[in-house]
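Under the numbering used here, think of the first position of the sequence shown as 194, with each following residue one higher.
If you are wondering where the hints come from, they were derived from the structure by calculation, not from laboratory data.
Be a bit skeptical, because a hint or two may be false.
[What the hints assert, rightly or not] Here are the simulated BS3-like pairs of lysine-lysine, each with C-alpha atoms no more than 27 Å apart in a straight line:
(1) Lys249 <-> Lys389
(2) Lys510 <-> Lys249
(3) Lys429 <-> Lys286
(4) Lys506 <-> Lys214
(5) Lys286 <-> Lys413
(6) Lys324 <-> Lys281
(7) Lys506 <-> Lys249
(8) Lys429 <-> Lys357
(9) Lys324 <-> Lys389
(10) Lys502 <-> Lys324
Quick caveat: nothing in here was measured; it's all calculated off a predicted structure.
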Amino acid sequence: MMIGLIILLMVIFIAPLVFHKVEENLEIFLFIIALLSVIISNTLNLDLVGHILSNKFIYLITAAVLLGGVLFNYFRVSIGRFFEKLTKKVNVKIIVFMLIVVLGLLSSLITAIIAALVLVELIHFLPISRKNKIKINIIACYSIGLGAALTPIGEPLSTIVVSKLNADFLYIFNLLGVYIIPAIIFLGLLGAYLAKPEENLQSEEMKEETNKDIVIRSIKVFVFIIALELLGTGFKPLIDEYILNLNGRILYFVNILSAVLDNATMASAEISLKMTQEQIKAILMGLLISGGMMIPGNIPNIISSSKMKITSKEWMKFALPLGIILLGVYYVILFI
């Protein structure tokens with residue numbers, strides 16, 4: 194069983210980079226792999242199916258993506274005109290800095306889902322090349338992923354951690370705020386540095402979406418989230434067997450697995466009342482940073498990559514080095 198799960202894990206990392214068809218149909222690919230994982234681990238049953246389908250979070254995200262897409266599409270012309278005027282009066286670098294920092298901080302109150310929806314719609318209108326838009330989007334997703342964790346409202350990981358530790362509303366803010374807020378500001382500065390305005394890009398890149406496109410994207414997100422739920426269950430035996438008893442320093446880097454597995458599931462398996470504050474810090478920072486490395490790692494990644502048609506190669510080319518640098522910096526801060 195364990196060998197089968199390890200092979201599946203390797204396939205998840207490698208296949209999207211090697212096979213173009215997999216990259217184009219990432220949602221279906223992950224869903225198939227997820228089904229195989231629960232079959233191999235013998236965890237596929239009616240209770241699991243019922244548990245997943247009764248998860249209101251799945252429908253909330255799908256509805257938010259659908260409604261957000263329709264609303265932004267309806268107001269697209271007005272938003273485009275506003276941004277055109279704004280970029281003439283305010284430096285694009287300042288706009289990008291504020292976009293990354295404000296969404297990162299607000300995501301803990303408005304949820305990572307809403308922050309990601311706002312991000313992908315607004316970034317679309319920036320007079321920046323697609324290459325740099327992708328980089329700025331990835332940076333912003335890191336910012337949202339980190340910021341959303343500061344309160345139980347922001348994302349499921351925080352809700353699970355606060356619940357398991359019987360902690361108060363501001364527990365994670367008090368525990369990690371001193372690490373996360375400077376990281377968000379750094380990411381804002383990095384995004385501003387990459388925001389290089391270019392002429393005559395808006396008219397070339399802006400393609401109006403149809404309602405059919407929005408519905409298809411929403412369905413893809415729905416399938417993606419179900420796949421993540423299945424992956425978390427399917428790989429749980431592997432996590433229980435090889436990961437839970439590791440030293441905190443090793444666990445910090447092993448949590449790179451959250452780049453492809455749901456970080457809320459990882460947190461649920463790893464976090465315990467018996468742990469010290471230092472161990473909890475290490476686990477959470479490892480999970481939150483690693484979640485930005487690949488598209489399946491976080492909800493904002495899934496929403497934005499679907500909307501902007503970002504491939505796994507394009508995502509990993511920039512997100513992986515950035516994530517490794519952040520992991521290295523915070524390893525020094527936390528352990529040395």
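Hint check:
no. : hint              : in the structure
1   : Lys249 <-> Lys389 : 40 Å, violated
2   : Lys510 <-> Lys249 : 34 Å, violated
3   : Lys429 <-> Lys286 : 43 Å, violated
4   : Lys506 <-> Lys214 : 13 Å, holds
5   : Lys286 <-> Lys413 : 32 Å, violated
6   : Lys324 <-> Lys281 : 22 Å, holds
7   : Lys506 <-> Lys249 : 32 Å, violated
8   : Lys429 <-> Lys357 : 17 Å, holds
9   : Lys324 <-> Lys389 : 11 Å, holds
10  : Lys502 <-> Lys324 : 12 Å, holds
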